[in-house]
Each structure stands twice: as structure tokens, then as C-alpha cells.
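So the sequences go chain by chain: A and B.
If you're matching positions, the first sequence starts at 854 in the numbering used here and goes up one per residue.
If you're matching positions, the second sequence starts at 14 in the numbering used here and goes up one per residue.
Worth flagging that the hints you see were computed from the coordinates, not collected in a lab.
Glycine is no exception: its CB is placed at the ideal position from the N, C-alpha and C atoms.
Careful, some of the hints might be misleading.
What the hints assert, rightly or not - To give an idea of the chain B side of the interface with chain A (calculated C-beta under 8 Å), a few residues:
#1 Asp28
#2 Ile32
#3 Leu90
#4 Gly266
#5 Val694
#6 Ala695
Claimed, not checked - Residues of chain A placed beyond 10 Å of chain B at every Cβ, according to the derived structure:
#7 Val866
#8 Val905
#9 Lys908
#10 Asp974
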Amino acid sequence: MTGVAMTVNGKAVSGDVETRTLLVQFLRENLRLTGTHVGCDTSQCGACVVHVNGKAVKSCTMLAVQAEGAQVTTIEGLAKDGKLHPVQAAFKEHHGLQCGFCTPGMIMTAVDMIRRIPNLDETTIRQQLEGNLCRCTGYQNIVKAIDAAAKEMKGAHA
Amino acid sequence: MTAPIVGSGVKRKEDHRFITGQGRYTDDINRPGQAHAYFLRSPHAHAKIKSIDTAAALKAKGVVAIFTGKDIAADKLGGLICGWMVTSKDGSAMKNGAHPALALDTVRYVGDHVAIVIAETHAQARDASELVNVDYEELPVVTDPAKAQSQGAPQIHAEAPRNTIYQWEIGNKPETEAALKKAATVVKLNLTNNRLIPNAMEPRAAIGDYDDGTGGYTLYVTSQNPHVARLVMSAFIGIAPEHKLRVVAPDVGGGFGSKIFIYAEEVVCTWAAKKVNRPVKWAAERSESFLSDAHGRDHVTSAELALDADARILGFRVKTTANLGAYMSTFSSSVPTYLYGTLLSGQYNIPAIYCEVDAVYTNTAPVDAYRGAGRPEATFVVERIIEEAARQLKMDPVEFRRKNFVRTFPHQTPVIMNYDIGDYEASLAEALKMSDYEGFPARKAEAKSRGKLRGIGFSTYIEACGLAPSAAVGSLGAGVGLWESAEVRVTPTGGVEVFTGAHSHGQGHETTFAQIVAGRLGIPIENVEIIHGDTASVQFGMGTYGSRTSVGMTAISRALDKIEAKAKRIAAHVLEASAADIVFENGEFKVAGTDRKLAFHELALNAYTAHKFPTSEIEPGLKESVFHDPTNFTFPAGCHICEVEIDPDTGVTKIVSFVAVDDFGNVINPMIVEGQVHGGVAQGIGQALLEHGVYDTESGQLITGSYMDYTMPRADDLPSYKVGLTVTPCPSNPLGVKGCGEAGAIASPAAVMNAVTDAIGIKEFNMPATPLRVWQALHATRAAAE
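Only chain A is shown next, with the shape it has when bound in the complex:
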């Protein structure tokens, strides 16, 4: 077992893990932050996306010990002071979720996408979602939600 310490959603956390423990297992099992999901075992589905030091990362593809000292944000840490992040609000407004299982990863990916790319269009959003699978929505309303959130956030910063 190895000790690991990091900051998750603004709080200092630590725990003892096997070195092979994945970051997603540490979040779900040690910290009981179960909003981050595991949908596959080949780093394909993106249900486990969190932010590590501000960047979107598939937490099933990173060891917990690799996140030593990192700032991690999960879906549980996205809303601030009881106010939904614009991407969360847009997913609800545009019916961008059905069963909700892929949703945390989709939202974390979308937040990162909007941060990185200033002028998102439909084609770019679809390409940027390459690493996130959804089986319910056919993606159309996810794309719509991300587009709307991007526009809203741009307006807020203008």
C-alpha cells in the first residue's frame, strides 16, 4: 500500500492505496465520490472524465499515485455555491441526458472543450466528443447543450 494525497474539489484528501489503484477507483471507492463513472475498460467511453490540474483526464487511465499533489475536480465539484455550472444547466435545458450515466463525463469533457476552443461549431463539438460515448441521446441534444453553454459563457466573458 502507498499513501497518496491530493486536492479534490478544493478539499485536501489522502488515503492508502495499492499502487495499481486507478484514480477513478480512488475517487469512487476511497472518497465515495460516485458521480464519476466507469463505463468501459479500454479508455474509450469517457464516463470517468475528471479534471486534473485543470485539464480533462480519463480517470480510468491514470493511477491514483500519479495524481499525487494534483488539483482534481469531479462532477460533484463543478457547481459553485449551489449554482449550477452553465454546462450543467445547459444539459438540463436542452435535454442532453437520458439515463444520466455518461453525463458526468460528458459535462466534464464539455467544460474542458469550451475552455480550450474559443469558437465551437457543431462539427468541432462532434469531433471533440470522440472520446465520450452515449447510448441514449444520439448526441444531438448533447451537441446542442454544449453549443448553448459555450455561447452563454462567451457572452458572460465578453
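Following the hints, complete the assembly by docking chain B onto the known chain A.
For chain B alone, coordinates are given in the frame of chain A:
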């Protein structure tokens, strides 16, 4: 005045927990003291188990227990069942081999369950499983349904000679043969319907929990129908009496049929929880989902359509071989029979239909219902051959369809179904407009100028859902009734709790059901709570599949009728008026022609204080329940039009336009209905262009066993769909609603493949139209022409 709540796109009540990471799926639940299970699975597609040596594994770190099929047999548990009896045309019962939860002496597909290893952690259980030494004697394998019945094919179950489970028929054979004989034209088409792997994003999971103090079991499980799971595990498998078994299906991350069935893992975890006297938790890795979730489709079909000289359909003959995999899954027998053959009349007047279906065992994962279940397979056969017939007659496919549409209702088909209502011309006309069909020749010519092949394809589909009138399905072999239950409890302060036997795993019931209640009672939607998925709180219910939520919604509507009737009687006493003078509108009980009234919450409090009415005549409280049995299926129908552009140099098919116009009757929430169409169409396009569950025919290994190999549709594979609605209200339920969950997956594969075959000019071309296969087909045609 505000818009009525029923019919408006109310934002979903359930969304908040999902967008904030507070959903509660089975794998999010942890029970005190739980141990973790890992299932050791067969690496062989067909083998005898000569011995299992668990000694080394039992000594591994953290291991709590290991059980095999012998341990389950020693406890005299029953095997997994198939709950729908299908009878062969010779009158014999289907030939169903045993399906032990853990294999006894034979494994029959890669992924078959051999042992459960229980340890302190998942990693320890997985590690220890590698130390279990199983001595297998490999046997020959068959995976191809077309070869399963051959002389000399390996025998998979002793009970089923030539691997034939049943040879079923429907329709009228002599009439259909006569129609084919007198036809001016007979159109023939061979088709395969590719095997699909459902892939709900949440992998299956189960936690078995045993309470030694009460002798009761609790199973938390990814299920679309927890009560059915409890019934089967109690009555057939014999784990515990029903009243000692609670099944909880909490938030479930998609089902698409694959979570209807009662699987080995949940049975074994529940049973093992008592053996080790600790909760036992299992969550599938995606690789296990690929191997052991029930797959879908996998048909091989030949079809013949008889036409007279005036292009009218005279008859339709279909012969299908359906691959049901290595074991009969819970409802697998019904899918290629009563959910398939009964839909072969499509939207058309067809005087004579005859369909034969052979269901076969192969060394592959069991096949059962997957979104649409039988109806996509039927629609694919019908709509592909209708399009092909128009092409052979050199007729516009629209005109050919119009000539043969059913136009008067009710319409009795030759294959059981009685269509109650529809307007096929209306959805066709709307879809033609939305797709600019008139502009297609110009678009095709423009694409040609760029070296691209453009094609258009139609699918004017019908489906039967709202499963189903209980006596009807019982007469066809179903082991269950297909009614639905609802219980409406009004609280003393005027809130409403609705307990529904339906289960929501993405469909948005917490919103649509609440809309019905709020609209009916005139109360804010926030005052309504929808409770589902727990046998401890909900009276028996049949769950959600087969686009049957119309049944659950009707049950709620009828319970509200009873609530209103009782409330009026109470209001009459409180307001000192005759019950006949009480009217209920906008959430108020009023004495007609006066200003005396009671708000809904005031009435509720009166019902519970019971101070102002004679309790000898009217019981205190306000709670009603209903078991609603539908009187007919519902028949959603519509028209999907797909336009593709194919690059002959790369074989890549791009969907440039996809129009879906559907008639779902009255719509409770158009936002949610559109979402259901989007998702269904995406799965249908996935089947047509990308997805294919492939087994190696020699070894029986699943070649497409991960997301690296099985092509799930991604955002950039799919277009934006144009969705429209037409409405003929369903006459068989008071809400006028039809099912909408499966239509997209039912209609779209044929539309896409009609477009692809139109573009490449090849008559018989099977799904999926991957770039490689399209390119190969184009080059083979070119080579043959040269």
C-alpha cells in the same frame, strides 16, 4: 393563461441529481461489510469441464469463498428460465436445454459462467480467479445460425436435435403459395440482420444482501423490471419466497432490453450472500458485458413478395433462421416469433402472409430482446423488399407504397395484429416535405459531378407496442400477464406520491408521469413524486420494455379517476352539497353555481382528519391503486427518409439527411419524445453502418469484445436528425398515447440500407455498411463488369 402541462416540454425533474453527480446507480451503492465477486468465465466456446481445482485460489490473499455449479446444484437451486413457450408447427413444445446459473459439466459459449470468486476486494477476487484451475476438454463449435442445423454440426444441448429449438410458423401457407403462383412479378431478397451488442453505458451490476436476523434477502440490481426478477428468482430458481426477497433497481444507466433478463450473476450473488453471510457485490467490466449481456438480432432471412400486374401486393413469404445463442434467455423465444412474424404486414394491404422461423442454438452469447425486439427485424425485411419491389418495377418507391398502404381502420392483418388507427399518408407526406424529396435528383446529379454516389431510402414502418393485453399474450405462450400497476397516494398536505410498476432507466418517467398527475389534479408538478424500482415500496409491476409505458401511464390515469371520484364524495360532505353538484377543475372542488370550494390540499387534509364525513360510508384517507390491462397493442407508425452520400474511393457512407416523422398519438412531453427518437435512430444507424457482433467461426471467440473492436456510434458518426410528428390519437387508452421508445431503432436501419443500396446500385448488401464492406462491394461489382 399558461399552456397545459400535458403536451409541453417540461424540463426533467430527474436531471438535477444526474448533472451534479448524485445519481445512485447499483455500483454506487456499498453495503456494510460487503465482499466483492468476480466471475470466472469460460475461455472456450464449447467444452466439457473435467474438473475444477480451487485449492490454490482459496489460499490467495483476501479470498472469502469460491463456489461452482456443483455448490449451486447441492442447494437444489433451479436454473435460469425462458418465460415464453413457443410451439413448433408440428405441435411440439420448444426444445429448451438446461441453463444452470454456474456451468455444471459443459460450457457453451465464451463468457459462460464457471465459478464465483468472492474476496475482500474486487482486485483480490480477480487475482484469485486466475489461480482456479479448470480442466477443459474442448468440443467442436458452431456460431453461424445458417450452419447450426447442418448434419454433423456440433450438438449444443442434448434436448435439441440439430440445435433446433423450434420450427414456428404464422399466417396462411396455401393462400400465400397460391399468391406467389399467380403473381405477375415475384420479388426475392436474401437478408441478414446483424448481431448487435446492446451496450447500455452502465455495465450490469448486482449486490446480494442477506439479513440473518429476518431471513430476508435484498438484491440491488441493474434491472428494467425488478418485480419480474423477484418472481423468477423466487418461483423458478427458488432462492427465497417472494416475501423474503426484496429487489431494488435504483437509477439504471440505460437498458435497451438488455436489463430485462434474469442473469446468472445476480442470482449467484444473492444466493452467495447467505452462504458467506455478507453482502456480495459484483459489477461487470465492459469486457464482461460484451461477452455475457444478451445480444440482439442475428437473423438470416429469405423473402418473396408476390405482385399483380398493377403493382399491388398479393402475398408475402418469409423464411428466417434466428440465432438464439447458447442458452434460451428470459424472453428470447418470443422475439423472432410473436414480436416478429406479427409485424410482417407493415403499413400494407397484404392478403396472404406466411412466415416460418427456425430458432437455433449456437456457441454464442444468448440473444434476446434489444431495442425493438423482433420488430426491427420485421421492418427491415418488409421495407427492404418493398423498396426492392419498386426498383424492379421501375416505380417511384413512394408511389408503390401509396398504392399498397392500408387506408381504412381498424385493419385486420393476416398475422394476428388488428391495427386500430393510423394515417400513413400523413406521415409520408410530411417526411417528403421535410426531406425535399423533389430536390433529390438535382442533389444526386450534383454529387455525381463531385464523384460521389448519392442515394435515398424510405422506411414507412409500423410497430406494435404497449405490451400487451394479458389474455392475448397468454394465448400465445407468455408466462406472464403484461398489465401495469399504479398506486396514487395523496398525502394529508396535498402532495402526491405515485408508485408505478414501470421502471425508468432514461425515459424520464419522473417527469412525464408527474405531468399527467399535475395536469389532472391542477397542482404544481413539484408536488408530485414518482416512485419506482423497489419491490418493497411498489406493488407488483411488470417493468419497462416494448415501449409499454403507455400501459403504466394509463394505470396512473385510471387511479386518478378513482382519486377524483372519492375526493368528490368527501368534498360533497365538507361543502354540504350533493355529490352530483361537485365539479373538479383547476385543482379545486366546487359546488356548481356557487362560490363554495375546496382547494386540493384542503380536500386532502379533510380526507385524513375525517372529521366531516361519515367514515361508515367513506373510508378515511386518499389512496387508490389500479392494475390496468390494455385492450390492444398500440401501433405507432411513420416514415423515415435517409439520404446518404458515398465516396466510392474510400467506401465511406455519410448520412447527409435523416428525417423521422412519427405518429405516437398524443404526446405528453415533446422534448422527451424527440429525445427518444434521436436515441432510437442513432442505434438504428449504428446497426446499419457500424455495429456488428462477430464471432470467429472456428474458435467461437468474440472478435468484437471491446470498444476498440465493436464500433459504437460516436458523435461525429451521426448527423443531426430532423424530427416531425403527426397525430392520430390512440383509441385504446384514455390518454390517446402510443409507445415511442423503440420506433427509431425499428424504422431507421431499413431507411439507411435502402439509401445505401440506392447509392451503390447493389441489390443484396448486408449491414453494417462499413467503409471496407462498401468499398469491397463496389470493387467486386466493377470487377465483374469488366
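Hints, one by one, checked against the model:
1. Among the interface hints, the one on Asp28 of chain B holds; its C-beta lies about 4 Å from the nearest C-beta in chain A, closer than the 8 Å criterion.
2. With 8 Å as the threshold, the beta carbon of Ile32 of chain B comes within range of chain A, its nearest partner Cβ sitting at about 4 Å, so the hint holds.
3. At about 30 Å, the closest approach between the beta carbon of Leu90 of chain B and any beta carbon in chain A exceeds 8 Å, and the interface hint on this residue is violated.
4. Evaluation of the Gly266 of chain B hint against chain A yields a held restraint, the C-beta minimum of about 3 Å falling below 8 Å.
5. The closest approach between the C-beta of Val694 of chain B and any C-beta of chain A is roughly 6 Å, which is under the 8 Å cut-off, so the hint is satisfied.
6. Hint status for Ala695 of chain B: holds, given a least beta-carbon distance of 3 Å to chain A, under 8 Å.
7. Distance to chain B confirms Val866 of chain A as a non-interface residue, since its nearest Cβ pair spans about 16 Å, more than 10 Å.
8. Distance to chain B confirms Val905 of chain A as a non-interface residue, since its nearest Cβ pair spans about 16 Å, more than 10 Å.
9. With a cut of 10 Å on Cβ distances, Lys908 of chain A stays outside the contact zone with chain B, its closest approach being about 19 Å.
10. No beta-carbon of chain B is positioned within 10 Å of the beta-carbon of Asp974 of chain A; the least distance is around 12 Å.
Hint 3 from the earlier list is the only one contradicted by this structure; the remaining hints agree with it.
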